[in-house]
Amino acid sequence: MLDTDVRIADSLQQLREKKPLVHHMTNFVVMNDCANITLHIGGSPVMAHAPEEVEEMVGLADSLVLNIGTLTTELVEAMVSAGRAANKKGIPVLLDPVGVGATAMRTAAAKQLLSQVKVGIVKGNAGEVSVLAGVEASVRGVDSAGTAGSLPDVAQKLACLYDCTVIITGPVDWVSDGKRTCSVYNGHSLMGAITGTGCMAGSLVAAFAGTVADPMLAALAGLACFGVAGELAAHTEVKPASFKRALLDEVFALTGEKIKKMVRLGPECTS
Amino acid sequence: MLDTDVRIADSLQQLREKKPLVHHMTNFVVMNDCANITLHIGGSPVMAHAPEEVEEMVGLADSLVLNIGTLTTELVEAMVSAGRAANKKGIPVLLDPVGVGATAMRTAAAKQLLSQVKVGIVKGNAGEVSVLAGVEASVRGVDSAGTAGSLPDVAQKLACLYDCTVIITGPVDWVSDGKRTCSVYNGHSLMGAITGTGCMAGSLVAAFAGTVADPMLAALAGLACFGVAGELAAHTEVKPASFKRALLDEVFALTGEKIKKMVRLGPECTS
Amino acid sequence: MLDTDVRIADSLQQLREKKPLVHHMTNFVVMNDCANITLHIGGSPVMAHAPEEVEEMVGLADSLVLNIGTLTTELVEAMVSAGRAANKKGIPVLLDPVGVGATAMRTAAAKQLLSQVKVGIVKGNAGEVSVLAGVEASVRGVDSAGTAGSLPDVAQKLACLYDCTVIITGPVDWVSDGKRTCSVYNGHSLMGAITGTGCMAGSLVAAFAGTVADPMLAALAGLACFGVAGELAAHTEVKPASFKRALLDEVFALTGEKIKKMVRLGPECTS
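Same order as they appear, the protein sequences are chains A, B and C.
Residue numbering for the first sequence follows our numbering, beginning at 126 and increasing consecutively.
Residue numbering for the second sequence follows our numbering, beginning at 126 and increasing consecutively.
Residue numbering for the third sequence follows our numbering, beginning at 126 and increasing consecutively.
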């Protein structure tokens, strides 16, 4: 079997050949950045949220992102419709439970989506994923404020609970599908100085999930690409708005060679 | 009669003197970019979509943009109200039928707007305009995926159907008012690597339409300015986020001299 | 008592230690920029507007921004709920009455918010503040088109009317709490060439208001930081999109030393 870094590099090549259509139902803060980063990695973004059209738009898509960053009751209902259409069609659904634990509405919305839609990948920060996994944690606004659990355990727990792949983003990213758990060490601290990096990571993972069949590989590929691009951007920029521009540029300029040279996965990833 | 390049350069000068107020009812993905590019060319943008205020806001405006990129039923109803107010006042309405052909809702919304509002300018990609013109075509998300027609014919057909000016954006842009059909060769391939360039082109055309009486001239001026700025941006930048910043900068820095030197119109434009 | 420049520099230090959570209910045009600038100054932004969750989100926040730039009837109702929760909790509320005077809906919404919520700080342009203060003025879209009053008088009048602190932004910014009135001379003309600078200034003021008890100090600190960052950005950039990136970068890179060296307050501020 190929090493993971080679499989990630191959996935990037496949993504650029397929140009997967990633249907986003996402928040208003990051919509532009998520559309751009999807284009830059080689995918095709579409944003559509009206209940009258989401099922039909899903019919054209290769993957679906449900991000509750600026949720409303109507939007969550439309997400359920879109998610069910995605399940019926057999395309992967990624849930980004932004701010879960901060308000009862967000926690309820994420749980509703997890119970009414077969979600393939959940991506959140430590606090958000812990809350969904039933581990004591706190969330302040949309930022994690700590968890009582160990990150790989929390990821694995939620993965088993919903039979899905779980990503916890942070200084080190963790991915678990319940059986395998693996960490990604790429990234840079400046990514925490700009808004929406978590959401952008979700767009990349969804673009890979719309390309390769294995959600664990899609998760690792999206996180590795984002982290490597962040490191490359930090080579030239030390302030956040310039860094953000460079980050988007570096996603566009990624190559399999860069990935193979720079990706840093935890030792447990080879097991 | 003056050559078209001189007329475009003069229109830019007039735009900057008049500072037309361009009322946008547009999608959430591009709102910030469209507001900025309207300012940079010399106009004044306003975004307002509440049904209670759109008619009054139109009363202050010099042109109106209706862009259905993230439509809802309520938004389309408000667009009809705003469009009718614009018709009553006599200011031009530009329709950007984003994603028409991808979902039934989008196609119905664009046709509703075309039937209930006198639209002066329709601006879309090859797939979108073909669908509205009744020419076989396909749209994938918000991207054109080909048309069975020739672009100048498709533009002319839709222009005759609704007695309006039609723009088809692409590697070469086409403009037709039914009687005259003309192409613009300016632009750069990096414009396809960022989201919202079509929408931004619409904002520029609407700013010119709020300045000069001839919609054909407004269309050519907006497309030429955008394309020339894109070429200038590509002189210094080769990655998309840096290119986007440079593109906006170059719109701001456009002069009549640059336009006259760089604009490239098709040979049919002189007829 | 410390000089104002020293107090502003100290406030910046305190803000970065506290990392105040600024709950924004703001318009779709500027959401991304406002989130980023809040992060860059050292705060933590959250955007939430669903009526079901705003009161709970306010419970986590240190200050609340109500910006009616793309208002709807439902959003204004949710703003009232959030504002009352903020009043109950005792955190400051900043109102940005975008476009007041342009449409009856905007004027009514701002007056409703001022009557049903105890607003601590109102921040607008000359036209908007004049309309609220009952001084003859005109607003074109979201831009001020002149006022019949003198700016310090208008600011003071509105401050007395609603017992709050009032900011008028412009080439010179004015701040009044009804008793004290003070001007800030920092800033750069390029700030008028990009959209949302007024909204971003509001985010900075709200971050300071969530940190220090004195709203006058919060207002001066936010305006001074923004203006100083703008001047620093203009040292290297002369075109608007590049300037915007540099402006955000310079907010991130601000220090107390830069503030103390560069801040320019009117002579009346020392009284």
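Keep in mind that the hints were calculated from the coordinates and are not lab data.
One or more hints might be untrue.
Same chains, same label: a pair holds when it works inside one copy or across any pair of copies.
Subject to a maximum C-alpha distance of 25 Å in a straight line, what follows is the list of computed DMTMM-like cross-link-like pairs (lysine to aspartate or glutamate) [as the list claims (entries may be wrong)]:
id	residue 1	residue 2
1	LYS143	GLU393
2	LYS385	GLU177
3	LYS143	ASP268
4	LYS214	ASP128
5	LYS364	ASP135
6	LYS282	ASP268
Verification of the supplied hints:
For the homomeric pair LYS143 and GLU393, neither the shortest alpha-carbon distance inside one copy (30 Å) nor that between copies (38 Å) is at most 25 Å. In this assembly of identical chains, LYS385 and GLU177 lie within 25 Å of each other by CA distance neither inside one copy nor across copies; the values are 44 Å within and 47 Å between. When the C-alpha separation of LYS143 and ASP268 is checked against a cutoff of 25 Å, the pair qualifies only between copies, where the shortest distance is 15 Å, while the shortest distance within a copy is 34 Å. Proximity of LYS214 to ASP128 under the C-alpha cut-off of 25 Å is found in neither arrangement, the shortest distances being 31 Å within a copy and 55 Å between copies.
For the identical chains of this complex, LYS364 and ASP135 are inter-copy neighbours only, at 22 Å across copies versus 32 Å inside a copy, given an alpha-carbon limit of 25 Å. Proximity of LYS282 to ASP268 under the C-alpha cut-off of 25 Å is restricted to the intra-copy arrangement: shortest distance 21 Å within a copy versus 40 Å between copies.
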